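Chains as they are written, first to last, in full-length UniProt numbering: chain A, 1 to 262; chain B, 1 to 372.
Calculated from the structure, these hints are not laboratory results.
It cannot be assumed that every hint is accurate.
Claimed, not checked - Not close to chain A: a few residues of chain B, all C-beta gaps over 12 Å, as computed:
1) 91
2) 166
3) 282
What the hints assert, rightly or not - Calculated cross-link-like contacts (lysine to any residue; reagent style SDA-like; alpha-carbon spacing at most 25 Å):
4) A:187 / B:96
5) B:109 / A:186
6) A:187 / B:224
7) A:187 / B:37
8) B:174 / B:227
9) A:187 / B:24
10) B:177 / A:174
11) B:177 / A:162
12) B:109 / A:99
13) B:24 / A:96
14) B:177 / B:24
15) B:24 / A:62
16) B:109 / A:88
17) B:177 / A:186
18) B:189 / B:138
19) A:187 / B:139
20) B:109 / A:96
21) A:187 / B:177
22) B:190 / B:97
23) B:109 / A:160
24) A:187 / B:117
25) B:24 / A:208
26) B:109 / A:172
As the structure is a computational prediction, the values presented were derived from the model and not from experiment.
Beta carbons: idealized from backbone N, C-alpha and C, even for Gly.
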Amino acid sequence: MSRSFQFSFLQALTFGVLLFMALPNLIVLAISFNREATLAFPPSGLSFAWYLNVFKTPSFAVGLQQSVLLATVSSAISLALGIPAALAIVRFRFFGRQAVNVFVMAPLFVPEVVMGIAMLLWANAVSTISNTTTLVILHCLIVLPYVVRLVVANLQGMDPNLENAAMLLGARPFQAFFRITVPLIGKGLLGATVFAIVMSFHNFTATMFLIGSRPTLPVAAYQYIRTENDPTVAALSTLMMLAGILAVYLMERWIGLERLVR
Amino acid sequence: MTLSLSFKKRGITLTGLSVELQGKPILDNVDLEILPGEIIALLGPSGCGKTTMLRAIAGLQRPTAGEIVVGGQAMNDVAPYRRNVGMVFQSYALFPHMTVAENILFGLKMHGVAPAERQGILEATLSMLELGSLRDAYPARLSGGQQQRVAIARSIATQPSVLLLDEPLSALDKKLKDDMRNELRNLLKKVGMTAIIVTHDQEEALAIADRVAVMENGRIAQIGTGGDLYHHPNCRFVADFVGYMNYFDGRVSGRSDRSVDLDIGRDRSLKARAAAIAPSQDDVIVAVRPEAIRPVVNATPIDREAFNSVTARLIGEEFLGIITNLRFQDDEGRELLVIRSGHDNRTQLRAGERYALIWPIDATILMPTDAS
């Protein structure tokens, strides 16, 4: 009797917390269908007009392009730098290994506002580089710790003698890497890629400081909401949320999220 | 089906091999000569350098000094993938994303063996290790014993000149271990491959290898057949590592052509064969294996030219089935272990009684003191 009461209480509490976490998003979802041109809750009627408006707003198209570009380029660079860094950290015992590890992880502990301002000052000092280049560098810094962390976790779960065994069977080091290591940490690499893209795509705080003529999608949404009060931004937010949920769902299906967050 | 595996027997020579890791000597100036087709066991506690020696021969660990020669060819600067050295890892290191057959074929592909020939070698290897029914299984589905056979199959399929085995039986349970050590020796002898097996288990070393190298602190303390190590250990470390041993601190009090007289305190003396000791030494450790000792009733007449004898009190008895452990204490408080066969009930012994412990002079072992 009291056990089942406790159990149902726990269930109710869990449900309550989950609802509390989801509520702001659910309100945004509701507002996005509002018939009136205000960001008001509860909505006064049902309309899909604002979804149409998302696709008619030029700054969102620019923002999407810019965000996709940034996410693609910065995650590609982060993988290219992060995979060798993770290999070095896991496989080799060299002088300053711990220092490298800390250095790569450091951006995690720097407030994004500080990173944004620092990058802005730096970009002004070296005035020759373009706005987009600066953003790519910033996003690499933001994404790299996650990529390294994930690849390190996946490599640590792998028996280092597998590559040795391959080499003693006649495989060159690169053959051993591509035939043994890559297939075995492949899912982890895929997860790191998705993670990097999502982290870059959604970044706002630090990105904000470096925006020139071409905003990213989150910044475009912010700029829009400063002048307009209609639910277009709510519709955009709902779409971005759905994309995020889809990414998480696919990762869960293909990889299993627990591999990512361990 | 004809067996298409053939092995060239190659010897291994290590000269002054040293490995330092972070300034600590792991292997210290090791010399070792392994004959073609010979099975050598490296026996020692963890951290003695045995696995490092294996990794150095495989090319996975660069020596700080010394030379590795396999089949007459200097190996120091040869990359691991060109050494043609097979290795069975302690963890087996089977490729988890490949089936048994794919694991075995991997080395053949890497060596550029033609597909038709690959298939023949695969079949021969599978049948030799009785893995035919498991060819399409993934390693995670196999038992420890099966994984070990796959690891061996994979490493011999490329017909390496030598096979290195790092604690190959340690992941198996006791019963399987005992079966596998005979199977492993038979297999190695059947293919006639030169092999080095690393183990910390003395029985395993004695059962599998032709010769055993006992290692301590990066050096080979002694190398020899099981009999050599057991009956003529050259130091306490070897004596303790292979079986049990009783010790007396002794001093040489007289020498003749045939024997040495040894003073072990309180006017007691023992004899040993003269050949057993360097002529310059005076302080020695006198040792005797527990199963060489026989307890007899104190008044029994003893041939002093053939037997040593000490008097001791029985303080404990442990019947273990195959053997009985008897614990004695002599007048100076030294504890002596005597092991008798479980069937030996000729002498009824009573706890607390004094007995004469006798053993042949030939079974008396002399070793340098630890300090020397």
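- Message: If you test the structure against every hint from before, which numbers come out violated?
- Response: 1, 2, 6, 7, 9, 10, 12, 14, 15, 16, 17, 18, 20, 21, 22, 24, 25
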